[in-house]
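Using our numbering, count along the sequence shown one by one with no gaps and you end on 1253.
Check before you lean on any hint, since a few could be wrong.
Cβ-Cβ distance ranges computed for the label pairs, FRET-style [as the list claims (entries may be wrong)]:
#1 Ile1201 - Leu1112: 33 to 39 Å
#2 Ile1111 - Asp1204: 36 to 42 Å
#3 Ala1202 - Glu1159: 26 to 32 Å
#4 Phe1117 - Val1193: 26 to 32 Å
#5 Glu1142 - Lys1114: 20 to 26 Å
#6 Thr1108 - Lys1182: 20 to 26 Å
#7 Lys1094 - Asp1200: 42 to 48 Å
#8 His1242 - Lys1133: 21 to 27 Å
#9 Asp1227 - Asp1204: 49 to 55 Å
#10 Val1177 - Gly1125: 36 to 42 Å
Treat the hints as calculated values from the structure; they're not laboratory data. Positions of the beta carbon are idealized from the N, C-alpha and C atoms, including for glycine.
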Amino acid sequence: MRIEKGTVVSLNYILSDSTGEILEKSNFPVSYLHGGYHDEMFPKVEEELTHKEAGYRCLVVMEPEDAFGEYDSDLVRVESRSRFPEDVVVGMKFEGGEEESDNVRIYTVTDIAEDKVVVDGNHPLAGQSVRFECQVTDVRPATAEELAHGHAHGPHGHGHGHEH
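Take the sequences, apply the hints, and build the full model.
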């Protein structure tokens, strides 16, 4: 079966940085609903996989705008220490968003001073080129429920999103 909009694609992948250092690797095939649903998969990877079949392997090199976005210095904020738990440490992650907005962003604590905490809302890979190497293990038609929900269900589907 060929990969088209509305098929569920299962693949193994290795995500690495431009030097080849592995950033993330699947331990089992992950599944996503092909066709640009909920940003489940990088659009450039979907483009490469369209019309291919199980067994297809590829390496897609992506610039920041095709992967996790450019680094945005406006997403670095200095907040009052009182807004954080007592045990706050560098590396902790917090959800935050603009008031009156549904957009939730993950902020990572990057620095702690006496009464201030610096948080960064950029994705850790923002501003970086990445390499996405994958092999398609299976292609199947999506169920009506998967199409309605906009994501793959079942083993290792849903929850593997690449937000930017």
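The hints, checked one at a time:
Between Ile1201 and Leu1112 the beta carbon distance is about 26 Å. The supplied range of 33 to 39 Å is therefore violated. Checked against the given bound of 36 to 42 Å, the beta carbons of Ile1111 and Asp1204, roughly 39 Å apart, stay inside it. At about 27 Å, the CB distance of Ala1202 to Glu1159 agrees with the hint of 26 to 32 Å. Against the hinted window of 26 to 32 Å, the Cβ-Cβ separation of Phe1117 and Val1193 comes to about 28 Å, which satisfies the hint.
For the hinted restraint 20 to 26 Å between Glu1142 and Lys1114, the CB-CB distance of approximately 23 Å keeps it satisfied. In this structure, Thr1108 and Lys1182 meet the distance hint of 20 to 26 Å, their C-beta atoms being roughly 25 Å apart. Between Lys1094 and Asp1200 the CB atoms are about 44 Å apart, so this pair conforms to the stated range of 42 to 48 Å. Between His1242 and Lys1133 the C-beta distance comes to about 25 Å, which sits within the given range of 21 to 27 Å.
At about 54 Å, the beta-carbon gap between Asp1227 and Asp1204 stays in the expected band of 49 to 55 Å. Between Val1177 and Gly1125 the CB atoms are about 38 Å apart, so this pair conforms to the stated range of 36 to 42 Å.
When each numbered hint is compared with the structure, a violation occurs for hint 1 only.
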